[in-house]
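Student: Residue strings, one per chain:
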Amino acid sequence: MENEEETRMKRLMSKAKKGLDGLKKDMEDADESEISRKKRRFAVICVFGIIMSVIAFLISISISSGGVIPVSEALSAMFSAIGKGGENLDVVELYIYQARLPRAMAAIGVGAGLSVAGCMYQAIIRNPLVDPYITGVSSGAGCFAVSIVAVGLSFPFIGSGSLYLIPAAAVIGGLIAFGATMTVAEGAGGSATNYILSGVIVGFAFASVQTIFLSLAKDNLTNIMWWLYGSFANITWENAWIVFVPSLGISVAAMVWAREFNLFMMGEEQAKQLGMNVKLFKRTMMIVASVLTAVCVAFVGIIGFVGLVVPHACRMALGGDHRLVMPASIVIGAMLMLFADLVARTAMIPYELPVGAITAMVGTPVFAWMLIKKGREYDG
Amino acid sequence: MGNLLEIRGLNKTFGDFDALSDIEFAVGRGKMIGLIGPNGCGKSTMMKCICKVHEPSSGTITIDGNDVGTMRPSEVARLVASVPAEAGPTFGMSVMDMVMLGRYPYINKIWWEDPEDERIAAEALRTFGIYDLRRKQVSLLSSGERSRALIAKAYVQEPKLMLVDEPTAHLDMKYKLQVMEYLRSMSKTDMTVMVAEHDISLMARYCDLCVIMRKGRIVTVGDPKKVIDADLIKNVYEVDSRVGLDEDGEIYVLPKRYVSGT
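Those sequence lines, one after another, are chains A and B. The opening residue of the first sequence carries number -17 in the working numbering; numbering runs sequentially from there. The opening residue of the second sequence carries number 175 in the working numbering; numbering runs sequentially from there.
If you are wondering where the hints come from, they were derived from the structure by calculation, not from laboratory data. Keep in mind that the hints are not guaranteed to be accurate.
Unchecked claim - Label-pair distances were calculated between CB atoms; the ranges are:
| # | chain 1 | residue 1 | chain 2 | residue 2 | range |
| --- | --- | --- | --- | --- | --- |
| 1 | A | LYS261 | B | GLU260 | 31 to 39 Å |
| 2 | B | LYS399 | A | SER173 | 56 to 64 Å |
| 3 | A | VAL53 | B | TRP286 | 51 to 59 Å |
| 4 | B | GLU249 | A | LEU57 | 27 to 35 Å |
| 5 | A | ALA25 | B | ASN240 | 37 to 45 Å |
| 6 | B | ASP420 | A | ALA25 | 57 to 65 Å |
| 7 | B | LYS310 | A | TRP351 | 33 to 41 Å |
| 8 | A | GLY171 | B | GLU260 | 19 to 27 Å |
| 9 | A | ALA187 | B | SER248 | 48 to 56 Å |
| 10 | B | GLU249 | A | ARG19 | 25 to 33 Å |
Idealized CB from N, CA, C, for every residue including glycine.
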């Protein structure tokens, strides 16, 4: 009986101590400077992000349609293949070096790039439904890519069978559509609503031309369907760098203006009143975000969901400060894309699924859960 | 010690529409100024011209001896702050995040603010009684708290002139008076506060000077107790009203009926 009482008291004391510790921690947190708190969170995002991305990367190169190999073996094969400079590789080395490594790199670049582009557009236009394709880049790119396949066109500087034909057409089409959107939006006054409406009408125009080309190219549809639904299947070492370096580079460089994006959250007039050159900033960032989107879609096609939802998820978790939201978007976008690509190439072997469908299938339940938990207090 | 704000021959047109015509007045330091007039009379346009959000079509605006037309936006932002009527969607921004934005004109670093900026922001939050809400999302604040947070953001700009657009819109009586008390306490320092507001009784009670506008022109400028009467209200608002003095000697305005075609 006495023992029972003693145990109960001990348990109570332990609970009280835990409560006190918690309170003490809360009080320490309450006194902490906001800048120090943010710097700490930024460091956590960077460290956590790098660790999680490395883990996702290792899992990604260890699993494929050919089967699963231990991470240590995959890692040693990767280093060995890199050490050999890609020459005289054994089967495992060849598989990892030629098939998995470039895909993983492209997935990291595209995931990060689309997430940051979405984050930038949402901040500039102050509309939660905006995604990286709002300025018509995807429709213009899709229209040109489909027309190349349907009509069998080629550029003077790229041969008709070249790996770069569709990506080049996509970039040219995307930038033409973006130019049209900018021209109409600026002509209408250059407000955020003007950009959305101009992007929508330009997008519709290119999408309708794309539909006509699709109906003409019934026999060649398989050559273009992978691009319209997004896929990393055509990624090789040659183009992986062209996707990875600019998309990650632009994403990281855009973080320099994180505080200006915060300012834009208060509206253009408030940003202008606080001394910002609103017109120049908006134009520059629209161009940067559109180039980033065009780079992402050129080789892997149109992948939805990531650019719309990842920035919102990061804001719900971390608040509205873009100095935290942008680096977190890079990390979460890259991880989601790595995971989606892994599922796309292994879920229904020997078929490869469109990665754009997987990003939505994987991301929707997670985002729905976040929305239920945090939706009431989030006005994005 | 000359005037803080001087406006001479200010005109602003949007296409064929004359939003402001021949605006001229001057105000001193440490004053509370009320901008009164019906919707669309040019109050907000004039405030936007003063803080250089709009470029005037002609005329000059001088603040503390500096011609706004020749100043860089960041220089104007250190002299003038504006408080919008609404915060709009804030995408998960916290109260402290929003108030810290007011320090933007003073920050030279690319990434983080200085501890001094944070100290100023924290002091402003304490002054307006919202320090405990600093980590709360702006979207979760009540209208009264949000209004104070917006004023705190402008306050940390350390301006000489603060422009406040309809600060008591959507507020109940208690918060209306609370916000006006905060604004008046700021005007007791060296700062001049210019408020655009529809509640004429409130303006008459708190303002040292009122600027009455109609259709982009100034009708009159003066001590509210001297210039506000039933004839002026009828001329400006096309409304019959009863204007009287309460037991404290403060003006009250009771609108009675709309008079068309005045």
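Student: Work down the list of hints and note, for each, if the structure agrees.
Tutor: To see whether the hints hold, each was checked on the structure:
1. Separated by about 23 Å at the C-beta atoms, LYS261 of chain A and GLU260 of chain B break the suggested range of 31 to 39 Å.
2. Under the hint 56 to 64 Å, the C-beta atoms of LYS399 of chain B and SER173 of chain A, about 42 Å apart, miss the expected range.
3. At about 37 Å, the CB distance of VAL53 of chain A to TRP286 of chain B disagrees with the hint of 51 to 59 Å.
4. In this structure the supplied range 27 to 35 Å is violated for GLU249 of chain B paired with LEU57 of chain A, their Cβ-Cβ distance being about 57 Å.
5. Distance hint check: the CB atoms of ALA25 of chain A and ASN240 of chain B are about 42 Å apart, consistent with the given range 37 to 45 Å.
6. Hint check: ASP420 of chain B to ALA25 of chain A, Cβ distance near 59 Å, so the stated range 57 to 65 Å holds.
7. In this structure the supplied range 33 to 41 Å is violated for LYS310 of chain B paired with TRP351 of chain A, their Cβ-Cβ distance being about 23 Å.
8. At about 21 Å, the beta-carbon gap between GLY171 of chain A and GLU260 of chain B stays in the expected band of 19 to 27 Å.
9. Range check, ALA187 of chain A to SER248 of chain B: about 40 Å between beta-carbon atoms, so the 48 to 56 Å window is missed.
10. Between GLU249 of chain B and ARG19 of chain A the beta carbon distance is about 32 Å. The supplied range of 25 to 33 Å therefore holds.
Of the numbered hints given earlier, the model fails hints 1, 2, 3, 4, 7 and 9; all others are met.
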